[in-house]
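Mind docking chain B on chain A? Use the hints.
These protein sequence lines are chains A and B, in that order. 10 is the number of the first residue of the first sequence in the numbering used here; add one for each residue after it. 2 is the number of the first residue of the second sequence in the numbering used here; add one for each residue after it.
Accuracy of the hints is not assured; some may be wrong.
To be verified - Examples of chain A residues toward chain B, derived with CB under 10 angstroms:
| hint | residue |
| --- | --- |
| 1 | Gly-18 |
| 2 | Val-19 |
| 3 | Ala-34 |
| 4 | Ser-43 |
Calculated from the structure, these hints are not laboratory results. All C-beta atoms, glycine included, are put in the ideal place defined by N, C-alpha and C.
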Amino acid sequence: MHELSIAQGVVDICQQHAGGRRVLAVTLEIGTLSGVVPDALEFCFEASTSGTLLEGARLDIERVAATGYCRDCDRTHPITAYFDPCPACGTFPLEVRSGEELRVKDLEVE
Amino acid sequence: MCTTCGCPSGEHDHHHHHEGGHHHEHSAGGVKLAVEMDILAKNNRLAEGNRRFLRERGVFALNLVSSPGSGKTTILERTLRDLSGKVRCAVIEGDQQTDNDARRIAATGVPARQINTGAGCHLDAHMVGHAMEELPMDDLDILFIENVGNLVCPASFDLGEAHKVVVLSVTEGEDKPLKYPQMFHAADVMLLNKVDLLPHLDFDVERCLEMARRVSPGIRIFQLSARSGEGMAAWYEWLGRKG
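Here chain A stands alone, though its shape is the one from the complex (with noise of 0.2 angstroms):
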């Protein structure tokens, strides 16, 4: 459960952004490849923000897709795993492009 240590730090985040005032919402950018599980970041988002500016707050996640680059087609091609061939050539390691985001997007504050 390192989902409880992320929201954790969604919080000090959004604590040291938000200038005192109450977080309405918050928006995370959670790559496919990043580990995190979004249902489980909520359960502990929701632990995390009782008696802080965020208790309350809608979490919005937004997925990123995970995407590798193949040197052999010059392309970059959407990827399932970090194992994952090119779909296009069947050549293999892929360049990991995108999935392993783990951000605070933006947040809304009153």
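Positioned in the frame of chain A, the structure of chain B alone reads:
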């Protein structure tokens, strides 16, 4: 009235640029602030601090990760005994509860600090930074950090180590690299442990290594047995060269 910049709150969907670098827009409920910040930024910053501290002292730090029961502590015990008098080592032990592992390590004569994470499932850079304060860091060659036995969570937390070393034992499934790709992708060294048991098992070593290399191309693999001592020499040679 917008409390950030003082503009009338009725004007929605417009943009402001502020001295502080914050960009925000209004929506029906409140004021939107762009943040664009990595959630692990704090841990990564502390990990870089640990890395700098270790580099300045010439200490080679390894973060050992695996599922529970793969033999991390047994590998360490044997390694510490065999390197005793040649390489100056210390160990940070991470477990949810008990100091059993730190006591096993201390029995080898090497300084050890136990971190109990309680409910936590991984070590983080902050805990490791404090544990290092209690170790003789100026008189060390190698610091082994034995992470909490867990193939999921420790993958995300940089501790400041030179290498993440994943331990897989042949009594586990050979497809673990594909089942836990984030961890094997994050590791650049793998110890395949308990190879003395291979004659009794159906474990396909070549298939396992191929899967590990699919997830982490270029991963350096040592096949060994901490019990029989088989394969340990190559591991020691690599340790002696500090990677």
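Item checked: Hints violated by the structure (numbers, ascending) -> none
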